[in-house]
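*Asks:* With the hints as your guide, set chain B onto chain A.
Below are the chains, spelled out letter by letter.
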Amino acid sequence: MIEVEGLYYSYSNDDNFAVKDVSFKVAEGEIFGFLGPSGAGKSTTQGILTGLLQLQKGNASVAGYDIKNISRKMFNKIGMSFEQSNVYSKMTAKENLSFYSKLFDVETRDPMELINLVGLGGKENMRTGEFSKGMKHRLTFARSMINNPSMWFLDEPTTGLDPAIAADIKDIIKEHNNKGVTVFLTTHNMYIADELCDRVAFIINGEIRLIDSPKNLKLQYGKKLVEVEYGQDGNVKKETFSTILQEDKDLLNKIIADKEILTMHTKEATLEEIFIKVTGRGLA
Amino acid sequence: MMIKNIWIIFIRDIRVNTREFMTLYMMIIPLVLAVGINLLSPGINDTSVNFALVENENPEQAAYFDDFAHVELFSDQQRVEDRVRSRDDVVGILPKDNGYYIMTQGNESELVLEYAKLLNVLYESDVQLEDARSEIIEFGRTVPPLKKMLVNMLLLLISMLAGMLIAMNILEEKMDQTVSAINVTPTSRSAFILGKSFTGMFVALFSSIACLLITGFYNVNLGQAALVVFSSTILSLLIGFIQGINSDDAMEAAGSVKLMFLPMAGSIAGYEFVTGNWQIFFYWSPFYWAYRANDMILSKSGTWPRLILYIGIILAICGAVYTLLAPRIRKGLQ
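Chains as they are written, first to last, in the working numbering: chain A, 126 to 409; chain B, 125 to 458.
Extracted from the complex, chain A is given alone in its bound form (with noise of 0.2 Å):
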């Protein structure tokens, strides 16, 4: 769905590269998470894709269509949400979203039902310029639907939301994957990114570090330990055991059928952890 290969991009047209040498795949159906930290050159390589900046060097497409030439009927296979929440602040929600659907030439969505996916129903009639941050976002979000995209571009998606509608975006997210959409998600989320993303790419200095899936990250990073608290004769034990030795797992299945467990985690690593190890440079 998306293949890039050898991008460059300076904003200054000069050597002084945002992105440097970036090159890889994303296939249909796929969820890609492009994580690193602010400056890192996710933005500026979305940006390439998605046709709002011209590419310089270097062979990209999406959807089948060779970015160096970017006919307009790509726009209708793609849908692109915004982190920074766009949306005219002097039309109703409804009429922000009849207004985009208008403009394309493809089938669309029904504004009311983008609405109410996204928890504004009731608002639909309100003027954007007294929305919230948040459910600026979200109508940001609903509209980059409009389209039924094939090919959903995600920048920061949860951004600014509070957990409740986050977690509803994820899904929404997870369904339309579901569905056969490919989602290229931009974000500094390590969790969003681990919930969500089938492979993910690590960039940061505008050069991709390394790119793989959460899972495999997590078993190549993370350390095999199980760190167990249990009670025992009144006090709190806490004690850490290998999931590789077998001493130490007849040791924890002793402690699990004879004591009471208090809490047990396993200590993998976390995206951002490994991120670190990888970069040097935490996400934020």
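Treat the hints loosely; a few may be bogus.
27 Å max Cα-Cα, derived BS3-like pairs, lysine-lysine [what the hints assert, rightly or not]:
#, chain 1, residue 1, chain 2, residue 2
1, B, LYS455, A, LYS202
2, A, LYS348, A, LYS363
3, B, LYS128, A, LYS215
4, B, LYS128, A, LYS202
5, A, LYS182, B, LYS455
6, A, LYS145, B, LYS455
Derived DEER-like restraints, expressed as beta-carbon distance ranges [what the hints assert, rightly or not]:
#, chain 1, residue 1, chain 2, residue 2, range
7, A, ARG234, B, ILE135, 14 to 24 Å
8, B, ALA334, A, SER186, 48 to 58 Å
9, B, LEU155, A, GLY254, 24 to 34 Å
10, B, LEU346, A, ASP230, 34 to 44 Å
11, B, SER425, A, ASN250, 52 to 62 Å
12, B, ILE135, A, GLN209, 24 to 34 Å
13, B, SER423, A, TYR136, 54 to 64 Å
14, A, LYS193, B, PRO451, 13 to 23 Å
15, A, SER137, B, THR142, 34 to 44 Å
16, B, ASN370, A, LEU350, 58 to 68 Å
17, B, THR142, A, GLN209, 21 to 31 Å
I should point out that these hints are in silico values taken from the structure, not numbers from a laboratory. Quick reminder that beta carbons are idealized off the backbone N, C-alpha and C, glycines included.
*Replies:* Relative to chain A, chain B alone:
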């Protein structure tokens, strides 16, 4: 597809412009000014010959003149002189020795002056309306000059307001950051620019024609007037786009477009008050040519070859400005 999207953008802009005080004001104020011009200056269908006489000095003469022209009466000779000095054509008839003398400002039409002389002679010869064997059908000057000038200025103001409206609409897109959202739809940048321009052009054309009708200029060639408005509005639209892109708030955008008032006012003053030899210094200004073309149309003396020449000059100047500004407009809308 492109035409459909231009239309959708145009309809959105028109709808949103009616919701905001400043943009609504820009669309309505020309019509209010047109009504004001009607109230403040003589109507186009009124007689174009005005006499100022001293009240009670010779009521019989005043009544006689009133049968053939518009008569204004003043309490003394000084007030008559003051009235004659005003902007529009008024001829004073003042007593001297045993007769009357005709007082003019000096810039009145020869036809008006001749008519005043003739009417005075006819009165002194005691010729009555019943004695007349001929009928005056047309008098030459059909449009009061003050009104013509005001309406001409209003037409230029409308094109400027269209530019301001574009600046406001671009500013709205910029502040809401919606241009990037449009750029990920099948709408091309050209369709977006044309849709925005169509809004300004429609408002300019609609307001101009409405103002011509309100002020009584319904007998002028409206097609010619529309062509001049169209060409002179192009420059305002280009400036509107640039100022919308470069401004950070509504007041800044409106203020920077207002800078265009300077060349506009200079062009009007140049055409009206500067002698022929010096008018060459205003040839660079599209407003000068638009004012000149409008003057011709409002006087109903416009010929197509001259009009096409004036419009050609305006479009050539706009073309040069477009060449300079187009890359910045396109970049600003990325």
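*Asks:* Indicate, hint by hint, whether the structure satisfies it.
*Replies:* The hints, checked one at a time:
1. Straight-line distance between C-alpha atoms of LYS455(B) and LYS202(A) comes to about 25 Å, which keeps the hinted pair within the 27 Å bound.
2. Of the supplied pair hints, the one linking LYS348(A) and LYS363(A) holds, its CA atoms being roughly 17 Å apart against a limit of 27 Å.
3. Between LYS128(B) and LYS215(A) the alpha-carbon distance is near 22 Å, which keeps this suggested pair within the 27 Å criterion.
4. Only pairs whose Cα atoms come within 27 Å are accepted, and LYS128(B) paired with LYS202(A) is accepted, the gap being roughly 19 Å.
5. Of the pairs offered as hints, the one joining LYS182(A) and LYS455(B) holds, with about 19 Å between alpha carbons and a cut-off of 27 Å not exceeded.
6. Between the alpha carbons of LYS145(A) and LYS455(B) the distance comes to roughly 24 Å, so the proposed pair stays at or under 27 Å and holds.
7. Taking 14 to 24 Å as the suggested C-beta distance range, the pair ARG234(A) and ILE135(B) conforms, at roughly 21 Å.
8. Separation of ALA334(B) from SER186(A) is about 52 Å and conforms to the stated range, judged on CB atoms against 48 to 58 Å.
9. Hint check: LEU155(B) to GLY254(A), Cβ distance near 28 Å, so the stated range 24 to 34 Å holds.
10. Taking the beta carbon of each, LEU346(B) and ASP230(A) are about 37 Å apart, inside 34 to 44 Å as hinted.
11. Taking 52 to 62 Å as the suggested C-beta distance range, the pair SER425(B) and ASN250(A) conforms, at roughly 54 Å.
12. Taken as a hint, the range 24 to 34 Å holds for the pair ILE135(B) and GLN209(A), whose Cβ atoms sit roughly 26 Å apart.
13. Range check, SER423(B) to TYR136(A): Cβ separation about 56 Å, and the 54 to 64 Å hint holds.
14. Here the CB-CB span from LYS193(A) to PRO451(B) is close to 21 Å, well matched to the stated 13 to 23 Å.
15. A C-beta distance of roughly 43 Å is found between SER137(A) and THR142(B), which places it inside the suggested range of 34 to 44 Å.
16. Taking the beta carbon of each, ASN370(B) and LEU350(A) are about 60 Å apart, inside 58 to 68 Å as hinted.
17. With their beta carbons about 28 Å apart, THR142(B) and GLN209(A) fall inside the hinted range of 21 to 31 Å.
Every hint from the earlier list agrees with this structure, and none is contradicted.
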